[in-house]
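Asks: So the sequences go chain by chain: A and B.
Once you know that position 125 of the first sequence is 125 in the working numbering, the rest is easy, because the numbers rise by one and skip nothing.
Once you know that position 73 of the second sequence is 73 in the working numbering, the rest is easy, because the numbers rise by one and skip nothing.
Just so you know, these hints were derived from the structure itself, not from any lab.
Warning: the hint list may mix true and false statements.
[What the hints assert, rightly or not] Far from chain B, by Cβ distances over 12 Å, these chain A residues were calculated:
no. : residue
1   : Y15
2   : V19
3   : I46
4   : N72
5   : N75
6   : Q93
7   : I118
8   : D133
9   : R140
10  : L144
[To be verified] Only part of the chain B face toward chain A is listed, based on derived beta-carbon distances under 8 Å:
no. : residue
11  : D105
12  : L108
13  : L125
All figures in this text were calculated on a predicted structure; none of them were measured in a lab.
Cβ atoms here follow ideal geometry from the backbone N, Cα and C, with glycine treated the same way.
One-letter residues, chain by chain:
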Amino acid sequence: MAYTIDDELHSQSAYSPGVVKDEEELLRIIFYPEHIVENIVQPSAIALDDLRSRGFSVDRRPYVQQDILQQNVANLRNRQQEARQVGYIAQLQCRAVRYIQDNNAERAFIVIDTAHEINIAHASIYSARPRTDAHLRRLRNRLLVLLETRCNLDDLFL
Amino acid sequence: MIRRHPHSTRGGHPNILAQDLRNGHLGIYPHGWDGADGKAPSQATVRDAECFTRLLGHDDIYAPSISLATDGEINFFWMLPHFRLDLGFYGDGTYSYYGMTTTGDEFLADEVSISTPLPAQILQLIRKQ
């Protein structure tokens, strides 16, 4: 589904606790070594097609449930045990995501409340408009920097 | 030669992917290889990555980190002190890239034929000094 910047202003899911506010923290599960090499998050941690159309999934910190997040980490680790030796939670500030600009000094990304019935914290990051692969690569490298702030799952709920 | 791995669960480990690609044995993964809804890289994508690797194949070029994205991309990533290059394949016979030097020079291109080598300026940046 193609969302626009205007869609950030109106709730997009029947299960949503409301639109995503600038001051919210967004969480994303990443794994070592699949996504992290020499302490650097790899571009493949963010699929271009997610930014283009599928949505880059994150969880909204104020609404995240510890048991759901733990279960997601466990399920994902079980499928790729060698590549997912350690799970981390990247912490992105929604304001920082929305602050990223493209070459025309326009918003690069939008953050949409795409809550699921079983996970009302679910939200999605999309490119604010259609772009070529090379331009999406440019912008995902800006977004990757935000994945560098991360913690262990257990530390998140201390 | 492209072979199917008997155990697809080994996929995703950057060192294994690089080793397998060098040996021509990069695995073909099933849909959902990532434990979610991940799309597997197609055989054409693997072929393109292998072809590009052969084209690149000089000992004096830094080896990239090689990884899979969940949309079927095979990604080559160079993170060097002076240069960062994000380059990928989707199996359509082309590649695209975005690179930036520490001094702010940017390089980007779409739909470059797989038989076309990187521009000399970029090759110079990923060449061992």
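Asks: Can you list which hints this structure breaks, lowest number first?
Replies: Violated: hints 3, 4, 5, 8, 9, 10, 11 and 13.
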